[in-house]
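> Sequence:
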Amino acid sequence: MFKNIVTILEKYTDYPAEQITNETSLLTDIAINSLDYVKVIMDIEDEFDIEVPESAIGEINTVGELVTFIEDLVEE
Numbered sequence: 007m008f009k010n011i012v013t014i015l016e017k018y019t020d021y022p023a024e025q026i027t028n029e030t031s032l033l034t035d036i037a038i039n040s041l042d043y044v045k046v047i048m049d050i051e052d053e054f055d056i057e058v059p060e061s062a063i064g065e066i067n068t069v070g071e072l073v074t075f076i077e078d079l080v081e082e
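Numbering (my numbering), first residue to last: 7 to 82.
Take every hint as true, because none was put in to throw you off.
DEER-style ranges, computed between Cβ atoms: (1) 48 / 23: 13 to 21 Å; (2) 20 / 81: 31 to 39 Å; (3) 55 / 34: 27 to 35 Å; (4) 16 / 71: 16 to 24 Å; (5) 24 / 59: 26 to 34 Å; (6) 39 / 62: 13 to 21 Å; (7) 77 / 48: 14 to 22 Å; (8) 25 / 61: 27 to 35 Å; (9) 82 / 37: 27 to 35 Å.
The set of hints was computed from the structure by calculation and includes no laboratory data.
The C-beta atom is built at its ideal place from N, Cα and C for all residues, glycine as well.
Using the sequences plus the hints, can you model the full thing?
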């Protein structure tokens with residue numbers, strides 16, 4: 007799951023994939039803008055056949071939090 011999400015993030019950022027860890031901040035480290043973040047979420051929804059609630063998007067700060075959140079949604 008982590009690798010899939012990193013691959014998606016890599017499409018929308020210039021941040022080196024090999025430097026992305028669970029602790030990597032989506033806003034300060036990767037510096038993803040809001041439009042690209044929406045695209046990332048849409049790609050994740052397509053990849054894992056899930057729907058990410060809009061209310062949760064602003065609560066996710068790190069790659070690890072994103073991975074955990076997606077894992078929980080997939081398990082439901």
